[in-house]
Amino acid sequence: MARIVGGITTSHIPAIGNAISREMFEDPYWKPFFDAYPRAREWLDEVKPDVAIVVYNDHGLNFFLDKMPTFAIGAAPQYTNDDEGWGLQPLPPYQGDPELSWHIINSLVADEFDICSCQEMLVDHGFTVPMSLMWPDRSKMTVKSIPVAVNTVQHPLPTPARCFKLGQAIGRAVASFPKDLKVVVLGTGGLSHQLDGQRAGFINKEFDLMCMEKIVSDPEALTRYSIHDLVRLAGAQGAELILWLIMRGTMTGTVSKVHSNYHIPISNTGAGLLVLENAV
Amino acid sequence: MEPAKTLEPIPGTIIFDGAMAVKGYALNKMCYTFNGAAARKEFLADEDAYCAKFGLTPEQTTAIKERNVLALLDNGGNIYYLAKFIGMLGLNVQDIGAQQTGVSVEEFKAKLLAAGH
Numbered sequence: 012m013a014r015i016v017g018g019i020t021t022s023h024i025p026a027i028g029n030a031i032s033r034e035m036f037e038d039p040y041w042k043p044f045f046d047a048y049p050r051a052r053e054w055l056d057e058v059k060p061d062v063a064i065v066v067y068n069d070h071g072l073n074f075f076l077d078k079m080p081t082f083a084i085g086a087a088p089q090y091t092n093d094d095e096g097w098g099l100q101p102l103p104p105y106q107g108d109p110e111l112s113w114h115i116i117n118s119l120v121a122d123e124f125d126i127c128s129c130q131e132m133l134v135d136h137g138f139t140v141p142m143s144l145m146w147p148d149r150s151k152m153t154v155k156s157i158p159v160a161v162n163t164v165q166h167p168l169p170t171p172a173r174c175f176k177l178g179q180a181i182g183r184a185v186a187s188f189p190k191d192l193k194v195v196v197l198g199t200g201g202l203s204h205q206l207d208g209q210r211a212g213f214i215n216k217e218f219d220l221m222c223m224e225k226i227v228s229d230p231e232a233l234t235r236y237s238i239h240d241l242v243r244l245a246g247a248q249g250a251e252l253i254l255w256l257i258m259r260g261t262m263t264g265t266v267s268k269v270h271s272n273y274h275i276p277i278s279n280t281g282a283g284l285l286v287l288e289n290a291v
Numbered sequence: 005m006e007p008a009k010t011l012e013p014i015p016g017t018i019i020f021d022g023a024m025a026v027k028g029y030a031l032n033k034m035c036y037t038f039n040g041a042a043a044r045k046e047f048l049a050d051e052d053a054y055c056a057k058f059g060l061t062p063e064q065t066t067a068i069k070e071r072n073v074l075a076l077l078d079n080g081g082n083i084y085y086l087a088k089f090i091g092m093l094g095l096n097v098q099d100i101g102a103q104q105t106g107v108s109v110e111e112f113k114a115k116l117l118a119a120g121h
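Note that the protein sequences, when read in sequence, are chains C and Y.
Okay, so the first sequence: first residue is 12 according to the working numbering, each after it adds one.
Okay, so the second sequence: first residue is 5 according to the working numbering, each after it adds one.
If you are wondering where the hints come from, they were derived from the structure by calculation, not from laboratory data.
Check before you lean on any hint, since a few could be wrong.
[What the hints assert, rightly or not] Sample of chain C residues at the chain Y side, in silico, Cβ under 8 Å:
| id | residue |
| --- | --- |
| 1 | L55 |
| 2 | V58 |
| 3 | H70 |
| 4 | F75 |
| 5 | D93 |
| 6 | Q100 |
| 7 | P101 |
| 8 | L102 |
| 9 | N162 |
| 10 | V164 |
| 11 | P169 |
| 12 | G208 |
| 13 | V227 |
| 14 | H239 |
| 15 | A247 |
Here a beta-carbon is modelled for each residue, glycine too, at the ideal position from N, C-alpha and C.
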């Protein structure tokens, strides 16, 4: 049977992608951020996942306001990125796992989550930046991926509680897949940041650190916030915490923390990294 | 279940809800096209014609012309689609953060650094 071997959270800021392409790993601004990632990659080398489920939000590359799914799941044999408006170069395609995708889609709908299935899906920096951080050497990358896109563009956004339950349903779906696969779940985005309005530049370190702790020990506490609470406490785009809650929902009740890092600022954001394992 | 009641406003923050999505539809649709290089080239060759092609209001067209992010947001612009417009102009989120908060880019960056302490 398939099983979830662990979960990772990481910010997915576009500037990280630029810094990777310019190899700014030792730059004083970037070093405290990038230095946290080798430990996460070591852990991935140890557990050797077959598939990564990547929970992210599309930032206006694949989805427009004409049709805006709350939850969309990739069911494609491969996923490519694209120019996002600032001339990004195409990366090699990411291999999908349509069989597992359709199993998850079937299981979720049976479980009363009426998601949108996508046989074609462009993935943007929300997906590619975390993948580049975790698997920088594409020539050695064997992990397949399943993108899960969540609407954080147009309110109403799904509530933190609903997202946690979706994660639990994804966890059940993976556990019922008959093949012996190891699955890692990436919850991307966050933590506090706001790009728009007179409150642009808002960062809330205290709230972020509380989230970093609670998502490990007491995720239900975070599910009691409303989206409006998250916007107020973590900034307009800090609502991306719901993506972390989906990841956390896929894991068993008790988890152990393998590694964590928190650093301010990367671009306009408090950047958080966590590596979690299911407690035995 | 009823939709959420009117929520207490968050200062300096526009919630991009259904009403804003309706108001900004044409503007955001135009910005969505900037994902493609050909659209960017067409816009830069004749900005007014490109705005007219998408049916932008006079207020939206003026805000585009003036690169006025707060005015674009007030007129229904969504930051994720506006990011395409901003990126095309070679600006980043610190540049527009400074513009929206009325400080220099250096002051804006210093504020971000201070949030870490």
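Quiz item: Which of the numbered hints are not met once you compare them with the structure shown?
Solution: 1, 2, 6, 7, 8, 9, 11 and 13
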